[in-house]
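Student: First to last, the sequence lines map onto chains G and Y. Each residue of the first sequence is one higher than the last, beginning at 1 in the working numbering. Each residue of the second sequence is one higher than the last, beginning at 1001 in the working numbering.
Be aware that one or more of the hints could be misleading.
Under the rule of at most 20 Å between Cα atoms (straight-line distance), these lysine to any residue pairs were calculated in the SDA-like manner [to be verified]:
1) Lys123(G) with Val149(G)
2) Lys215(G) with Tyr1058(Y)
3) Lys165(G) with Ile1173(Y)
Coverage of chain Y stretches by chain G, computed from C-beta distances (three or more under 8 Å per stretch; other residues unrestricted) [as the list claims (entries may be wrong)]:
4) 1026–1034
5) 1185–1198
Rough simulated footprint, nothing fancy, chain G against chain Y, three-plus residues with beta-carbon under 8 Å [unchecked claim]:
6) 1155–1166
7) 1220–1227
Source of the hints: derived by calculation from the structure; they are not laboratory data. A virtual CB, placed ideally from N, CA and C, is assigned to each residue, including glycine.
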Amino acid sequence: MSQVIDYLPFILKGMVLTVEVALLSLLIAVLLGIAAAAARLSGSVISRTVSGVYTTIIRGIPDLVLLTLIFFGGQIMVNNLGKSMGWGYIDISPFIAGVLTLGFIFGAYMGETFRGAILAVSKGEIEAGYAYGMRPVQVFVRITLPAMVRHALPGFGNNWLVLVKSTALVSVIGLQDMVFNAGAAGGSTRQPFSFYLLVAFLFLIITAVSNSGLKWLDRRYSAGVRQG
Amino acid sequence: MDFEVIFSNLPLYLEGLALTIELLALSILFGLALSIPIGVAAAAKSGWVNFLPRGFIYFMRGTPLIVQMFLVYNGLAQFEVVRDSFLWVFFRQAYWCALFAFSLNTAGYTAEILRGAIRQTPAGEVEAAKACGMNSITLLRRIVLPSAFRRGLPAYSNEVIFMLHGTALAGVITLVDLFGAAKIVNSRHFVPFESFITAGVFYLCLTFIIVFIFKWAETRWHAHLKPRGG
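Looking at chain Y on its own, in the form it has when it is part of the complex:
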């Protein structure tokens, strides 16, 4: 093992690390924002309302992320409408394609977590809120969503970790994220062990940080569930 090469290429890895974090943070942000309306609609009892969001969730969860990414990155160029429109400025670039695919993917998974959490809302809480005279928007904002977010938190931490792993796909479509950096170092110096293990260690550290953040969030938002002392 020769980690000399890795040290001389450390700036490349740090550049990759920055892109990985950026892609993860942005796709989580967009995905979460998208997942709230989708999750709420999917939890609706009416078949007319929940049909489309459930279809979206089913497709996103049922097909591999790499296929979704290729559909956007390679696939969209098939349509002249896309190529001639202003959208082409974005979809021409690997960066926006990756971000778009990742955001929709995590939106699907997050919406499903949210849907499950909303369906588990205790009926008594909803009844009490209605008895207090809340309309459905207030009910959603004050009662249903806050408790659904709390219930969904452990599953969501897993989803964020899976999304971190998913961002490695950006390296497949020419982007220089952590995996892309490892690929470049490997092809330049032919050191597969050193290059990919280094990337792996970076990913491992990121995973630990995510786990730590969610642990912190759980102690904060699940404080009322902790066993009482004394």
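Bound-form chain G, shown alone:
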């Protein structure tokens, strides 16, 4: 037990990294998700095909395979590109590979969530926006976006919780998140079970904190809705 306490700062340092990876990937995922949803909803055949292929690949291939593919393959690609451009050697860190891969994966899930949420916004509100003489961009920013948040929140929350758990995979490509650190601490103290259990509980804490944050957001964005 005392050894677990000795190593606690080390594990918590890993936890900070876990949260950093999760938040940065979330940012990328939300941006990609909005783009994917807009592409899906637009009439253009090309953009619908591209986003369809994107979703299929993400749903069909394990995150771990994509992560290693981007980590090892991305390194070669960047090196080749660097050689032809004369940049010299560029190192793809596990951090960048992890954030990009997770952002890419969850962008697809966010896209589906946002698509559904945008479709749930009542047509009348959007029409009213146009009737006031707003431009399409203004309608999207002032009406569709704020109104869809309420519909998107449950799916968004689910995606976030799955994303947080997926960050544990970056330990496989050598990033020193809390799972990686638990492995190191468990190895040197010969108490792997205690450390992995500690990390499991830290994940549960992140989940619990996120849940209360999501609940607060839900209350805020449902303020104008009559509840039965």
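With chain G held as given, fit chain Y onto it using these hints.
Tutor: For chain Y alone, kept in the frame of chain G given last:
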């Protein structure tokens, strides 16, 4: 891109494919069997009955599968009781550790699907069954579970696909599943694109097959929900 290497290593990939399918099928089987009592107990109204199963579901759904797998594979050796018992024959081997962790994980997720589906059983159906004089076991077997399985089917197809993705973790603990095979080919020939893309294509095909099977199951068991012709 040089897929020559992949062709010469095809037997390794096929071996990996076989292990992936085996791990998926067995963990789904054990997980489903475990999830029925857990899901039924978690759906119970009594706090004494649903406390433990809900805790189990919460832990399995709230923590990453990789951590659960490490808890079993690396963690159990910490306890002398385990090392000295007959269980050590199993938990010494990566295969059984992976299978054990995967089964419990999918049992947690499946139990939650089942719990939700059971709670949505229309009250009228239960009342009617009671009025016919069914006891609670018969009620569960004839009324509640069949309709809960039907309602849970779409969510369960997602869970099976997630479990397929989860089995790739077996490659992390030295097993040669599809991901393990790709790792070996990559380290031998240093062809990350070709090796991992090949594994990805295999996984994609498996996903399509799973989706197809569930589509078939839905047309079979949801036949009564189809719009009527004419």
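Student: If a hint holds in the structure, say so; if it doesn't, say that too.
Tutor: Okay, the hints, checked on the actual structure:
Distance restraint check for Lys123(G) and Val149(G): the Cα-Cα separation of roughly 16 Å lies within the 20 Å cut-off, and the hinted pair is therefore satisfied. A C-alpha spacing of about 18 Å is found between Lys215(G) and Tyr1058(Y), which places the hinted pair at or below 20 Å, so the restraint holds. Taking the CA atoms of Lys165(G) and Ile1173(Y), the gap is near 19 Å; set against the 20 Å cutoff, the hint holds. Only residues whose C-beta sits within less than 8 Å of a C-beta in chain G count toward coverage, and the segment 1026–1034 of chain Y has 0 of them, not enough to reach three; the restraint is violated.
Interface restraint, the segment 1185–1198 of chain Y with chain G: holds (5 residues with C-beta to C-beta distance below 8 Å; minimum three). Proximity of the segment 1155–1166 of chain Y to chain G, defined as three or more residues with a beta carbon under 8 Å from a beta carbon of that chain, is established by the 4 residues found. With 0 residues carrying a beta carbon less than 8 Å from a beta carbon of chain G, the segment 1220–1227 of chain Y misses the three-residue requirement, and the given coverage is violated.
Hints 4, 7, counting from the list given before, are not met by this structure.
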